[in-house]
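If you read the protein sequences in the order shown, they are chains A and B. Mapping the first sequence onto the working numbering, position 65 (from 1) lands on 65, and the numbers just tick up by one. Mapping the second sequence onto the working numbering, position 8 (from 1) lands on 8, and the numbers just tick up by one.
Think of the hints as simulated: they come from the structure by calculation, not from any bench. For every residue, glycine included, the Cβ atom is placed at its ideal position computed from N, Cα and C. Heads up, none of these hints are tricks.
With the Cβ distance kept under 8 Å, some of the chain B side facing chain A (calculated, not the full set): (1) V81; (2) F83; (3) S87; (4) L89; (5) L100; (6) A101.
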Amino acid sequence: MSAINATPENLSEILSGEDIVPTSKEASAAVSRARRPPYFETESGKRFIEGTLNLFKNTIPPLLGMLLFVALWALIANTNKSIPGPVETWGAAVVLFSDPFYNNGPNDMGIGWNILNSLYRVGIGFGLAAAVGIPLGFMIGRFDFLNRMLSPIISILRPVSPLAWLPIGLLVLQRAEPASIWVIFISSIWPMVLNTASGVQRIPQDYLNVARVLNLSELKVFTKILFPAVLPYVLTGVRLAIGVAWLVIVAAEMLTGGVGIGFWVWDEWNNLNVAHIIIAIFVVGIVGLLLEQALMLIAKRFSYD
Amino acid sequence: MQSYVQIENAGMVFNTKKGKFTALTGIDLHVDQGEFIALIGHSGCGKSTLLNLVAGLLDATDGVLLLANKEIKGPGPERGVVFQNHSLLPWLSAFENVYLAVEKVFGRTESRKQLKARTTAALELVGLTHAAGKLPGEISGGMKQRVGIARALAMEPKVLLMDEPFGALDALTRAHLQDELMKIVAATKSTVIMVTHDVDEAVLLSDRIVMMTNGPAATIGEILAVDLPRPRERLQLAHDPHYHDLRSKVLEFLYSRQMRPKEAA
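Okay, chain A solo, but in the shape it has when bound (with noise of 0.2 Å):
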């Protein structure tokens, strides 16, 4: 191995990689261990280089987005004495999060069963919901009449402020735990009815007539054709609805009370606790963030294109 002289002759075999010499060090190096090609020579070695460029590539520019984020945060909690920094918020947090699960009454529970109560809500809300709204979506995506029935009132109540619905679940449920239920219920079932009744709409024409050629009974349209096709449509509508589920949870529990993390945040503001506040921002996104990758990943199981 010589030094390179970059010459127009050689330049495009220097340029091309093929005989990259390395710098003299690891040259005397790389002779005197007998000259065994250097390591990222080797195919292993490049595949170390690449895996580590990819690696690169996927965590340098979140991570410095996160950095960025935090320390505009730092900036932000250094002008406004009241907002609590990273460090202060952080050392709060590995207190909480030490025991999430201790039980002082009800005035006074861990992080853990406020989030897992706020999960139950949204659980049975959101659920019931998809019992309703799922069924419904199929009615008035195969029934012209019923779409036409429908969809005026449909359009009316679906832009409506979640929270408008609590007033009336309050008066006609009379406690605030099935009120909130029924907020959650009210504003997640449109996008899963909405979703399943287009899906149903969209199957493609042929479909249907390989059903009808072949005399299929309803029971085996359903199975076999309808199902499978609305199925992708059905989990995009789930995965909206258990996003808004979620968004309105929080604000739901914030004005009915009980255990939830959306009246935990009212709690530590009257106890002008803000450093919990912030991690209570942080627990809602993470765990909203949580459900949508999971039905991302089931949605992704059940793609067939």
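Following the hints, position chain B against chain A.
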């Protein structure tokens, strides 16, 4: 005279937003058992509409259609349809797609084992035994079309209806499938009605070519008997003067007497 498929004075009028549109009028056609009929014409001439009438996917607004002396009312598995775009269900494997049809037709009288054997046999007929477990998204266009043919054949239909079955395929795959179809039809003695816009395909495959006039209010312009002996060989026919004679008759009908109107979409 008794025929297998009888179409008597059939007509089809669609109600559109712009009023009534007469697609077909005065169609008279008799098809014998085991006959291979090609429907040819310019696009928009209603040849697919005519096929859909026989399939029962559309109801004729005029006239009568009979299959084995029974009026055709609605679609049914005794008329196997091969769709232009294969129409396989993407969430079912090739085997399951065929099995769905087999189960519907023979499920009441035969055991599961027999149904599976029928499905396997149908896939073998089109040379797809190796792809039985594949989903439609995992196989080529020609293979998908073959699964569609297997599905239609597996039902043992009285008549096989094919709507431009090879229209979406490249020329080589198309020729290959045409040869296979000829073998299958010879083996199963199927009655076939096939819509095509390919003159060579029509002459090569069919016993009679039904040439349709341009729409609206399209009807049968002329019927040409293809009296070439079977089995037919693509390469031999290329040098057969009679083949070229028949071919030019169809071409003449399509391009000089039924010149496609320029404004037609």
